[in-house]
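Novice: Sequences are here, hints too, so could you generate the full structure?
There are 2 protein chains.
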Amino acid sequence: MPKIVRFHETGSAEVLKLEDLPLSEPGEGEIRLKVEAIGLNRAEVMFRQGQYLESPQFPSRIGYEAAGIVDAVGLGVRGFRVGDRVSTIPSFSMGQYGVYGESAIVPATAVASYPDSLSPVEGTSIWMQYLTAFGALVEYGQIKKGDQVLITAASSSVGLAAIQITKAADALAIVTTRGENKKQQLLDAGADHVIVTDKENLVERVMAITTGHGTRIIFDPVAGPYLERLAEAAAPGGIIFEYGALSPEPTPFPLFPALGKGLSVRGYTLFEIVKDPEMLARGKQYIYEGLKSGTLKPLIDRTFPLDAIIEAHRHMESNQQIGKIVVRVSS
Amino acid sequence: MPKIVRFHETGSAEVLKLEDLPLSEPGEGEIRLKVEAIGLNRAEVMFRQGQYLESPQFPSRIGYEAAGIVDAVGLGVRGFRVGDRVSTIPSFSMGQYGVYGESAIVPATAVASYPDSLSPVEGTSIWMQYLTAFGALVEYGQIKKGDQVLITAASSSVGLAAIQITKAADALAIVTTRGENKKQQLLDAGADHVIVTDKENLVERVMAITTGHGTRIIFDPVAGPYLERLAEAAAPGGIIFEYGALSPEPTPFPLFPALGKGLSVRGYTLFEIVKDPEMLARGKQYIYEGLKSGTLKPLIDRTFPLDAIIEAHRHMESNQQIGKIVVRVSS
Numbered sequence: 221m222p223k224i225v226r227f228h229e230t231g232s233a234e235v236l237k238l239e240d241l242p243l244s245e246p247g248e249g250e251i252r253l254k255v256e257a258i259g260l261n262r263a264e265v266m267f268r269q270g271q272y273l274e275s276p277q278f279p280s281r282i283g284y285e286a287a288g289i290v291d292a293v294g295l296g297v298r299g300f301r302v303g304d305r306v307s308t309i310p311s312f313s314m315g316q317y318g319v320y321g322e323s324a325i326v327p328a329t330a331v332a333s334y335p336d337s338l339s340p341v342e343g344t345s346i347w348m349q350y351l352t353a354f355g356a357l358v359e360y361g362q363i364k365k366g367d368q369v370l371i372t373a374a375s376s377s378v379g380l381a382a383i384q385i386t387k388a389a390d391a392l393a394i395v396t397t398r399g400e401n402k403k404q405q406l407l408d409a410g411a412d413h414v415i416v417t418d419k420e421n422l423v424e425r426v427m428a429i430t431t432g433h434g435t436r437i438i439f440d441p442v443a444g445p446y447l448e449r450l451a452e453a454a455a456p457g458g459i460i461f462e463y464g465a466l467s468p469e470p471t472p473f474p475l476f477p478a479l480g481k482g483l484s485v486r487g488y489t490l491f492e493i494v495k496d497p498e499m500l501a502r503g504k505q506y507i508y509e510g511l512k513s514g515t516l517k518p519l520i521d522r523t524f525p526l527d528a529i530i531e532a533h534r535h536m537e538s539n540q541q542i543g544k545i546v547v548r549v550s551s
Numbered sequence: 221m222p223k224i225v226r227f228h229e230t231g232s233a234e235v236l237k238l239e240d241l242p243l244s245e246p247g248e249g250e251i252r253l254k255v256e257a258i259g260l261n262r263a264e265v266m267f268r269q270g271q272y273l274e275s276p277q278f279p280s281r282i283g284y285e286a287a288g289i290v291d292a293v294g295l296g297v298r299g300f301r302v303g304d305r306v307s308t309i310p311s312f313s314m315g316q317y318g319v320y321g322e323s324a325i326v327p328a329t330a331v332a333s334y335p336d337s338l339s340p341v342e343g344t345s346i347w348m349q350y351l352t353a354f355g356a357l358v359e360y361g362q363i364k365k366g367d368q369v370l371i372t373a374a375s376s377s378v379g380l381a382a383i384q385i386t387k388a389a390d391a392l393a394i395v396t397t398r399g400e401n402k403k404q405q406l407l408d409a410g411a412d413h414v415i416v417t418d419k420e421n422l423v424e425r426v427m428a429i430t431t432g433h434g435t436r437i438i439f440d441p442v443a444g445p446y447l448e449r450l451a452e453a454a455a456p457g458g459i460i461f462e463y464g465a466l467s468p469e470p471t472p473f474p475l476f477p478a479l480g481k482g483l484s485v486r487g488y489t490l491f492e493i494v495k496d497p498e499m500l501a502r503g504k505q506y507i508y509e510g511l512k513s514g515t516l517k518p519l520i521d522r523t524f525p526l527d528a529i530i531e532a533h534r535h536m537e538s539n540q541q542i543g544k545i546v547v548r549v550s551s
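Sequence order for the protein chains is A and B. Quick note: the first sequence uses the numbering used here, first residue 221, plus one each step. Quick note: the second sequence uses the numbering used here, first residue 221, plus one each step.
Simulated from the structure, these hints should not be mistaken for lab results. Don't take every hint at face value.
As the list makes no split between identical chains, a pair holds if one copy fits it or if it spans any two.
Quick list of in silico lysine-lysine cross-link-like pairs, DSSO-like style, CA-CA up to 30 angstroms [what the hints assert, rightly or not]:
1) K387 - K481
2) K504 - K481
3) K495 - K364
Specialist: Below, the structure is given as structure tokens:
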């Protein structure tokens, strides 16, 4: 019987249990994967804590991203065969289809092949991060050469993806990190300027870098009171993407900067992109081309074995990582 | 000497003083008007109270909109001659150029002719209201046939302009008003549905009218805590324009509805339009055509003589009006 991660109550990482469950068969339109690697996301920590957009029904599965081999195909599935090497695109309910485990069943629409040049660890580290950043920066933000982009929480996999997409557009990537310790790694990852928010004034630094103009695009998963600083750092006509809710504090709308500068504050999640077949197709094409040309390259922080899933979640919550945390599955 | 309205301190309507001041000469690029009518705006009440985007320097002039006859032209002004019948487009500092009075000097770029079919009272009641609503609904909102639009504070001149522009686009105008007393007049003004917020649940009514979808565009000058209700009433992918700050309370950003539905909350003022020559030209063209075809028609609430300017401001603050409050100037 495959080992599957489930949890029976919300809470800290210890609620995650590795359980032996009978092998399931894929239903109509579904695919079963023999999982080789699982990419971890902040969304899963929030889901485990009961603080995500979706609430768990117990016992609940968990997990958005896996790479693996197709080992069974449900009725009506076209385009995939047993033996195909694929990874999952987060476009389903985690509670229903969660992919943490040795075997996972997912909708066929949520599966895509990944380039042969990538390992399974890399193959499970592309869709969430690049599609999320692609949708905001390219589809909605229409990033172009010479743009100035402010990327907060830049050490996350999505933050690093945003740096790569910004540089691929010949735009300027100004990024933030809390402590000094990640500064050099963020410069190595392509950031043009790193602002260490524990010791530097964000607005002053952004204004100095942009000669008083501010940044046209801001890409932020934190929200909370710091949104007021981001609005001060925005250029006239700028757009602030809020793609997460990491701050536990309420988020004030920066009304006067928004009126004075014509700012947009836009809630955004990957689901807008994956639900739209045309945007999803453009995103996949963009990502395939970027991986091939080398402008996009997933950065792996560290891997864990499946039986260390609790430790892997704890590592994510430590905020010590730079890049993707991946669980390797061997069976 | 012309009578000019100035104020020497912020405060209630009584701070407005009618003063005899020497006739000034227009400088380079400026035009002097013999004022015939003055259109009042909420912005002027807020400026008088010291709560506007611009702060007064005392003694301060006041006023954005006037219709009148060109009676002097400064150096370098092209396209206008003494005797022309024009009205002002708010695109200047109120403190510097305020138009309340028998004579006003304004930048030539802030002057436009208005259709012969309009009286001066109507001619001073078009630019602020129609350009403001045009910019949000047409330029940025890209309103189209079948759209559903929620317009709050609909009895204001800008609210009524938004109703007319929504109907001109063959879209649905759902409007709000606080009390029952203005309901019939708003229906007469073209609203498809009027929600009386003192006694009806905004979100339930909007969802009933839109069969659970919500409205794609929301046009709101109030902000404050009610923004959370507006976000609940918004359709997926919707945009909420905040074009004022009438609420004295802080404005929370509706983070979870914004994430879940991909909502934009956009600060917006007319100044974005008037500073952009192409958008301004499109707006003027749209308004001239609408006035000619009759899809746009300014609704005048009431007129006052210039020496009743205090009473006129009090009337605006009473929130009893429907449409534009205008001061007639005779000299």
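Novice: Hint by hint, note whether the structure agrees.
Specialist: Now for the hints, and whether the structure bears them out:
no.	hint	verdict
1	K387 - K481	both (26 angstroms within a copy, 29 angstroms between copies)
2	K504 - K481	between (34 angstroms within a copy, 22 angstroms between copies)
3	K495 - K364	both (25 angstroms within a copy, 23 angstroms between copies)
Violation of the numbered hints given earlier is absent; every hint is satisfied by the structure.
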